[in-house]
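Chemist: Going down the list, the sequences are from chains B and Z. Take the first sequence: its letter number 173 is residue 173 in this note's numbering, and every next letter is one higher. Every position in the second sequence, counted from 1, becomes a number in this note's numbering once 1000 is added.
By construction, these hints were calculated from the structure, which means they are not laboratory data. Heads up, a few of these hints could be off.
What the hints assert, rightly or not - Sample of chain B residues at the chain Z side, in silico, Cβ under 8 Å:
1) I180
2) H183
3) P187
4) L190
5) E198
6) G366
7) F396
8) R400
Even for Gly, the Cβ is constructed at its ideal location relative to N, Cα and C.
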Amino acid sequence: MVTKGKLEMEKMVVVEGSYAVAHAVKVCRPNVISAYPITPQTHIVEGLSQFIADGEIQNCEYINVESEFSALSALVGSSAVGARCYSATTSQGLELMHEVLFNVSGMRMPIVMTVVNRAVSAPINIWNDHQDAISQRDTGWIQLYAEDLQEAADMTAQAFKIAEDEEVLMPVMVCMDGFILSHVYEPVVLLEQELTDEYLPTYKPLNILDPKKPMSFGTLADPNYYTEFRYLQQKAMENALKKIEDAANEFYDMFGRYYGGLTDKYQTGDADIILVAMGSIVGTIKDTIDKLRQKGVKVGLLKVRSFRPFPAEAIKEAIKDAKVVAVLDKNISLGLNEGALFTEIKSCLYNTENRVPVVGYMIGHGGRDIRMSTIENIISEAQEVMESGIRKESQFTDVREEIL
Amino acid sequence: MKEIRIHGRGGQGSVTAAELLAVAAFADGKFSQAFPAFGVERRGAPVQAFTRMDDAPIRLRSQIYEPDYVIVQDPTLIEVVDVASGLKEDGMIIINSEFDPSAFKLNTKAKVVTVNATKIALEIIGRPIVNTVLLGAFAGATGNIEPESIKEAVKKRFPGKVGERNAEAIQQAYDMMKEAKV
C-alpha cells in the first residue's frame, strides 16, 4: 500500500475483516441488500443486518431470501428500478447464482458483490481458494482481488464507482480470501462517511423500470441483435480498464491510500524473476521477496488486482524485462492442469516478441496453508528455469504424495 | 516481529484471546494481526489461534510455525498436541496449571512457565474461563504488552461487571508473574 505521508495509526482500529467490509458497504449507502448466509461470508451479512436493525443505514431494505439464487434475483428487480444493490456470497452460493450472474451483467446492472473466496464441493471444504470466482470468469462480472483488509474495504467503494460509471455499467465482484481475510483481525481505517459521500455520489441510473416511461429489461434479442449486446458488454469491459485505474487514483487523491490500479508492482524494477499472484498470498510473497533480496536474489512481484477485465497490456509491460515469470493460481482448470491466471498470461504473450519462459504453480487449494518456505521453493525453481529452461510447465504445489 | 500461538479447546476463548492481544498490541503502538486456525469449531476439540505483533505493518498470512511464545489454556492438551512445536529456543511457553513447570515433559529448550489461571479465574471471575487471565500472565512474564492495554481491550469487549472482574484477574496474574520474576 502506498499512503500519502505516514500511515495514520490514530485513525485505525483493530477489527475483523468482515466488519471492515460491512462497514465499507454501509458508508456506500446501498438501497437494497439481499444475501443468504454461508461460511465464511456470514459475518459480513450479519454485520449489515445489525447496521440496518440499528437504523444505521438509511433508506435501505434488507431482503431475506431462501437461497443465493433468490438473493441475486431480488437484486435484479431492485437494480432495475434504480436501487444501489449489494450482496455477498462464496463457493456453492456463488455457483448457485451462476445463471443470474449472466442476467445481471447482460442487463448492465451495476451490482456490487463481495465474494469471500472459498473452495468448491465435493469434497466439502469451507476453506480458501479461488475456484469459486474463477469458475464465474465469463459471466461478465468485473473481478477485483484484495490483498488485505484495508484494500478489501477500500475496494468496495471503488467497486461501486467503477460499476456505476456510465461507460461501464457492469457488475463487480470484490474478491477477498475466505478466513484468511474475512476472519483476521488487523488495524484498518474504517471508511469515513463524509469522504465516501464525496468519492461516491448518489447513484443516478440511466434507465429504470418506470410505468410512466415504459421500458423492458432483458427481453428477447434474436440473432439480428444478440451479437451487438455481447459486443457492447465487451466494450464496457474495455472501458472498465481505464475506470479501474481512475477509481484507484481518485481514491488515493481523496483518502490517501493506493494499492495499484489494474495491477501493482513490488520490486520488479531490476527483477530477473517475477512472481504473479492475486489476493492475500501477495503479502506472504512480499515478505519472502524481502528475505531473498537480502541474499541478492533479484525477484519481484506483479500483483493482479483486476482479473476481469484482464489487464493484458499492464501485465505485458510489467514483465517485459523479466527472465522468468512464475504465476501462482489458487484454482485449476481440470483437464488442462493449469490455473486460469497462468493460462491467460501465457496467452497474452503468444503473439508478441517477448519469449520469456512462464511457469505455473497451483497452490493453496482448499485452504492448504501457504508458507514462506513454499514461496522460496517456487523462486528457487524459477532460478533453475532461468538457467536451464522449463522442465515442468505447470504443476501442483505441496502435494502429499504419501496419501495419494 | 513477535509471534504468539495459543492452544486451547473449543469454547475456551482462544480466538478471543488472540484478538484481544492484537487489540492491546495496537494500543501499545504496534501493528498486529490475529486469526484462528480455521477449523470446523467444536466445543472441546483442540483449537489454535495466532497473534503477530510488529513495529511495521504485517503482511505475512501463513499460520505460525515457529512462535516466540506459546500459551496453553488446558494442560491436558499436552498429551494430544505438540504444543511446543517449533517454539524458538529463546522463547517461552505459558501453561495454565497448578503444577510446577518441571511436571511437564516438553520437547523444547524454551522457558516453561506455569500459572494457576483456573484458580484465579474461579476466585475472581467466578467461572473457569482462563483466556484473559493468561493474557495477564503473558504481559507479566514477557513484558511484550502493557497490562493496562490488555485490561482496556477486555473491558471494551466485555463492558460492565464482567469486564471489571476480568481486568482484576488480569492484574493478579500479571502481578504474580512480576513477583516470581519470570
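Chemist: Please go over all the hints and tell whether each is borne out by the structure.
Modeler: Hints, one by one, checked against the model:
A cut of 8 Å between beta carbons decides the hint on I180(B): the least distance to chain Z is about 5 Å, and the hint holds. Hint status for H183(B): holds, given a least beta-carbon distance of 6 Å to chain Z, under 8 Å. The beta carbon of P187(B) is positioned within 8 Å of a beta carbon in chain Z (closest approach about 5 Å), and the interface hint is therefore held. Given hint, L190(B) at the interface with chain Z, is violated; its Cβ is 14 Å from that chain's nearest Cβ, farther than 8 Å.
Below 8 Å, beta-carbon pairs count as interface contacts, and E198(B) has none with chain Z, the closest being about 26 Å; its hint is therefore violated. Hint status for G366(B): violated, given a least beta-carbon distance of 11 Å to chain Z, over 8 Å. Interface restraint check for F396(B): the shortest CB-CB distance to chain Z comes to about 18 Å, outside 8 Å, so the restraint is violated. The beta carbon of R400(B) is not positioned within 8 Å of any beta carbon in chain Z (closest approach about 17 Å), and the interface hint is therefore violated.
Checked against the numbered hints above, the structure violates hints 4, 5, 6, 7 and 8; every other hint is satisfied.
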